[in-house]
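Protein sequence lines correspond, in order, to chains A and B.
Just so we're aligned: the first sequence equals residues 0 to 540 in numbering that gives the first Met the number 0.
Just so we're aligned: the second sequence equals residues 0 to 342 in numbering that gives the first Met the number 0.
Hints listed in this document are in silico derivations from the structure and should not be mistaken for laboratory results.
Fair warning: this is a prediction, and the values are worked out from it, not measured in the lab.
Fair warning: there could be bad hints in the mix.
If you want the footprint, here are the derived chain B segments under chain A, 3+ residues with CB under 8 Å [to be verified]:
no.	stretch
1	9-21
2	24-36
3	120-128
4	265-279
Pair by pair, the computed Cβ-Cβ distance ranges are [unchecked claim]:
no.	chain 1	residue 1	chain 2	residue 2	range
5	A	107	B	135	41 to 49 Å
6	B	173	A	107	15 to 23 Å
7	A	399	B	145	24 to 32 Å
8	B	21	A	201	51 to 59 Å
9	A	290	B	20	52 to 60 Å
10	A	328	B	143	46 to 54 Å
11	A	209	B	2	28 to 36 Å
12	B	18	A	429	29 to 37 Å
13	A	524	B	202	48 to 56 Å
14	A	518	B	173	42 to 50 Å
15	A	205	B	202	36 to 44 Å
16	B	201	A	351	42 to 50 Å
Where a beta carbon is used, it is the ideal one built from N, C-alpha and C, also for glycine.
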Amino acid sequence: MLRVSRLLTAIIAWTTAIVLGGCSQGKPEDFYRSGIIYCSESNPINFNPQLDTSGTTSDASSHQIYGRLLDFNPDSGRIEASLANSWQVSEDGLTYEFQLRKGVTFHTTDYFTPTRTFNADDVIFSIDRWRLPSHPYHNVSGGRYAYFESLGIADNIQEVARLNSYRVRIKLINRDSSFLANLATDFSVILSEEYAKQLMQKGVPERIDHYPVGTGPFKFQSYRKDHYIRFKRHENYWRDTPRSERLIYDITPKSSLRLAKLITGECDAIAFPSQAEVEVIRQRDQLELAEKPGLNIGFWAFNTQKSPFNNPDVRRALAFAIDKNTLLETVYFDSAVRAKTLLPPASWAYQRDADDTAYNPVLARKLLNDAGVPEGFRMTIWAMPVERAYNPNAAKMAELMQRYLAEVGIKADIISYDWTTFRRHLRDGAHDSVLIGWSADSGDPDNFYRPLLSCGAIPSGTNRAMWCNSNYDRLINAALKTENIEQRKRIYQQVNRLLYEQLPLVPLAHAYRYQAYRSGLSGMSINPYGGINFAGVEKKL
Amino acid sequence: MINALSRYTILFTLTLLVLALLSFSLIYMFPGDPLINLTGLVPQNDIQREALIKQFKLDQPYPIQFYHYLQQLFSGNWGYSFISGESLRDEIGIAMPATFELSTYAMVIAVIIGVPVGCYAGLRSYTASDYAINTASIFSYSFPVFWLALIFILFFSLDAGMVPLSGRISLLFEVPNKTGFILIDILLAEDINHSLALKDAIKHLILPTITIGLISTAAMIRITRRSVIDVVNSPYITAARSRGLSKRQIFMRHILRNALLPILPLMAIQVTTLITNAMIVETLFSWPGIGNWLINAINQRDYPALRIGMLAVSTMVITLTILIDFFNRLIDPSREKFERGTI
Numbered sequence: 000m001l002r003v004s005r006l007l008t009a010i011i012a013w014t015t016a017i018v019l020g021g022c023s024q025g026k027p028e029d030f031y032r033s034g035i036i037y038c039s040e041s042n043p044i045n046f047n048p049q050l051d052t053s054g055t056t057s058d059a060s061s062h063q064i065y066g067r068l069l070d071f072n073p074d075s076g077r078i079e080a081s082l083a084n085s086w087q088v089s090e091d092g093l094t095y096e097f098q099l100r101k102g103v104t105f106h107t108t109d110y111f112t113p114t115r116t117f118n119a120d121d122v123i124f125s126i127d128r129w130r131l132p133s134h135p136y137h138n139v140s141g142g143r144y145a146y147f148e149s150l151g152i153a154d155n156i157q158e159v160a161r162l163n164s165y166r167v168r169i170k171l172i173n174r175d176s177s178f179l180a181n182l183a184t185d186f187s188v189i190l191s192e193e194y195a196k197q198l199m200q201k202g203v204p205e206r207i208d209h210y211p212v213g214t215g216p217f218k219f220q221s222y223r224k225d226h227y228i229r230f231k232r233h234e235n236y237w238r239d240t241p242r243s244e245r246l247i248y249d250i251t252p253k254s255s256l257r258l259a260k261l262i263t264g265e266c267d268a269i270a271f272p273s274q275a276e277v278e279v280i281r282q283r284d285q286l287e288l289a290e291k292p293g294l295n296i297g298f299w300a301f302n303t304q305k306s307p308f309n310n311p312d313v314r315r316a317l318a319f320a321i322d323k324n325t326l327l328e329t330v331y332f333d334s335a336v337r338a339k340t341l342l343p344p345a346s347w348a349y350q351r352d353a354d355d356t357a358y359n360p361v362l363a364r365k366l367l368n369d370a371g372v373p374e375g376f377r378m379t380i381w382a383m384p385v386e387r388a389y390n391p392n393a394a395k396m397a398e399l400m401q402r403y404l405a406e407v408g409i410k411a412d413i414i415s416y417d418w419t420t421f422r423r424h425l426r427d428g429a430h431d432s433v434l435i436g437w438s439a440d441s442g443d444p445d446n447f448y449r450p451l452l453s454c455g456a457i458p459s460g461t462n463r464a465m466w467c468n469s470n471y472d473r474l475i476n477a478a479l480k481t482e483n484i485e486q487r488k489r490i491y492q493q494v495n496r497l498l499y500e501q502l503p504l505v506p507l508a509h510a511y512r513y514q515a516y517r518s519g520l521s522g523m524s525i526n527p528y529g530g531i532n533f534a535g536v537e538k539k540l
Numbered sequence: 000m001i002n003a004l005s006r007y008t009i010l011f012t013l014t015l016l017v018l019a020l021l022s023f024s025l026i027y028m029f030p031g032d033p034l035i036n037l038t039g040l041v042p043q044n045d046i047q048r049e050a051l052i053k054q055f056k057l058d059q060p061y062p063i064q065f066y067h068y069l070q071q072l073f074s075g076n077w078g079y080s081f082i083s084g085e086s087l088r089d090e091i092g093i094a095m096p097a098t099f100e101l102s103t104y105a106m107v108i109a110v111i112i113g114v115p116v117g118c119y120a121g122l123r124s125y126t127a128s129d130y131a132i133n134t135a136s137i138f139s140y141s142f143p144v145f146w147l148a149l150i151f152i153l154f155f156s157l158d159a160g161m162v163p164l165s166g167r168i169s170l171l172f173e174v175p176n177k178t179g180f181i182l183i184d185i186l187l188a189e190d191i192n193h194s195l196a197l198k199d200a201i202k203h204l205i206l207p208t209i210t211i212g213l214i215s216t217a218a219m220i221r222i223t224r225r226s227v228i229d230v231v232n233s234p235y236i237t238a239a240r241s242r243g244l245s246k247r248q249i250f251m252r253h254i255l256r257n258a259l260l261p262i263l264p265l266m267a268i269q270v271t272t273l274i275t276n277a278m279i280v281e282t283l284f285s286w287p288g289i290g291n292w293l294i295n296a297i298n299q300r301d302y303p304a305l306r307i308g309m310l311a312v313s314t315m316v317i318t319l320t321i322l323i324d325f326f327n328r329l330i331d332p333s334r335e336k337f338e339r340g341t342i
């Protein structure tokens with residue numbers, strides 16, 4: 000008995016000594032200030048945004064780990080120099096020449112030590128990886144480059160040539176007025192060619208997407224699924240050194256828990272506060288809320304390759320059966336704009352007088368009868384399991400729609416899986432209809448029309464309606480052939496008309512974008528043209 | 000003694016075998032492909048599928064399949080989570096100690112507070128202070144644990160901001176997972192400010208431990224009180240009193256020892272409640288333990304994980320129960336006459 004208590008005393012004394020003695024090792028506040036904790040909403044699929052259009056993946060990698068040739072200015076939306084110092088476009092709009100920045104270093108990590116700085120080889124490797132099916136790295140990690148496939152960029156590039164170490168020329172086959180904008184999106188990241196070569200020699204090329212190396216402000220340290228992602232400051236970042244020594248993503252799928260952690264200070268910033276929580280954040284003094292109209296659209300897409308949804312009249316009937324305004328009030332709490340077309344009001348091609356469907360259950364039932372859809376017809380509504388700016392609560396929305404559809408004699412079953420499985424099944428076309436959406440990566444209207452509904456976007460999995468219409472493809476291609484804004488606007492108006500007639504998807508809402516963070520964080524801003532960026536963020540309190 | 004030991008061993012083995020059989024049958028009872036439910040691997044094509052079926056002997060009769068399943072379990076091939084693709088053994092190896100740690104601290108609190116208070120109440124039985132203690136313990140014992148956890152979070156975390164509400168330690172600390180016990184891992188970790196990390200971890204520990212501990216303490220008080228009352232009323236205490244022993248002597252020598260003996264088997268029953276409570280509380284405090292892990296597996300329909308998770312949790316509970324029971328027999332020879340092992 001005595002011996003036990005002596006041992007206990009020893010342990011207590013030892014622990015106390017450590018607890019008290021440690022106080023000399025610098026102020027605790029300094030330690031807590033040295034890192035930013037961001038509560039993110041879900042697990043990234045990998046750390047290469049080329050391979051995945053999901054916002055979770057690009058938020059975790061695009062602006063943290065990587066750099067791009069060009070960037071969007073977050074305020075004006077204009078394209079500005081990044082890893083490319085300057086660029087020239089030829090008269091015919093087919094040849095682009097980029098002058099690359101010198102002295103840009105790649106990350107030095109536990110698994111890679113670069114021997115050279117960024118040069119033309121890295122640019123060529125990064126583009127050729129998604130562009131050339133014969134490239135040794137093309138089929139690594141699945142070989143699907145959803146964003147580029149959905150836009151059909153790869154087929155339009157004739158060559159990517161090295162002029163010298165710091166000069167690259169890209170030749171296009173057809174004129175594309177959105178080409179530069181595409182190079183500035185979250186997905187056009189620059190990978191390290193030297194690292195790729197090393198991995199290939201070791202026979203583990205797929206590591207490039209899971210142990211990433213880039214030129215961005217933070218370098219990857221470790222990742223544990225459902226728990227965290229750790230980043231460290233890239234000391235030799237070519238812009239201003241990142242303010243924060245560490246960056247940690249605390250993966251917290253529940254929106255209410257993220258808010259709670261923000262209140263207790265366990266997170267410094269959180270992803271996607273739900274619209275219902277926005278008021279709570281506004282009322283708290285120590286929390287800040289930034290708000291901007293978002294470049295996004297939430298919609299209800301029908302699987303147009305399945306009967307009876309291949310019939311435009313059925314799709315129209317279903318669109319008439321639901322009341323968009325109620326959805327806007329209950330799901331978005333009025334922090335969204337009603338969507339008429341794919342484009343949000345912030346886009347320059349927004350059409351104010353576009354046609355829109357109205358709530359009319361009687362007409363809906365009549366159309367369904369005419370199309371031979373019986374009473375009691377069963378269909379599925381797939382509701383995505385994660386919150387997105389464009390749809391903060393798909394499950395709730397699906398329940399409301401279930402009730403609206405019951406009024407016109409349709410029984411709707413709501414289906415949901417975990418996010419990865421959900422998207423895999425969607426790509427296979429297992430759904431009848433789905434509630435999902437799109438956040439644009441550039442302000443260009445082509446960034447909405449092409450990935451969402453063009454034929455080329457079906458295999459890449461961004462065309463959730465699985466809809467292919469040659470007339471539509473012809474129109475959106477024609478819109479890229481001209482630099483004349485008014486002419487492009489007119490073409491997009493024709494496209495809107497066609498979409499209203501065909502209705503492969505029902506546009507629902509363009510939501511505002513929110514960014515919630517603690518007041519102690521300075522330098523946080525919403526980048527409307529893509530993912531979050533922590534390079535200039537600093538913790539003050 | 001050897002007789003008892005062998006009886007316990009047989010009991011333990013048989014129970015585990017039944018559990019293994021149950022978890023094996025889950026492969027077929029869960030919806031979907033038995034191959035995926037067993038391995039967590041999704042075959043990319045028919046050739047691969049055939050090969051996997053051969054490898055896991057799914058084309059053989061059930062008894063052989065089961066035998067092979069047991070072999071796999073013992074050699075540590077528990078399959079892969081088909082959501083995360085991680086080895087289930089590694090995942091459970093991280094999650095289980097976290098639950099164990101939480102339960103241990105709660106148990107320590109329950110013993111440290113529960114036994115003395117229970118003794119006090121038992122010695123002063125049917126007085127005002129005994130009634131007060133008894134009322135309080137019944138009151139706190141009847142709290143639903145998840146409700147209690149939420150109330151604590153609301154008051155202490157969200158309103159007062161005194162303690163954090165999720166996880167084991169602020170993610171700013173990099174604590175490598177060695178033993179799975181966060182406090183020990185912190186002491187073993189290098190390159191971190193130990194005192195700061197310990198403070199942080201203890202802050203994270205307070206609420207979940209108190210939540211579980213409170214209910215276990217209440218149970219402990221009631222068990223101890225009952226036991227002490229029984230002993231106090233027994234003839235040998237009266238005899239000791241009549242011999243003129245001091246109160247202190249009577250308590251230390253006669254009451255405490257004899258009262259603690261019947262507490263141990265009752266504690267064994269409490270262990271199950273304790274672990275169940277810990278698993279519920281984990282999900283509320285985002286504590287990365289086995290309960291949280293199982294809830295995630297259910298949400299994501301991760302059948303391989305559910306199968307092995309159920310086996311792991313029940314094995315842990317049964318091992319603990321049998322161990323405590325066996326230990327109890329070791330120190331309490333009066334139980335020698337009941338030679339059957341019990342759970």
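> Taking each numbered hint in turn, which are not upheld by the structure, reported in ascending numerical order?
Replying inline: Violated hints (numbers, rising): 1, 2, 3, 4, 5, 8, 10, 11, 13, 14, 16; every other hint is consistent with the structure.
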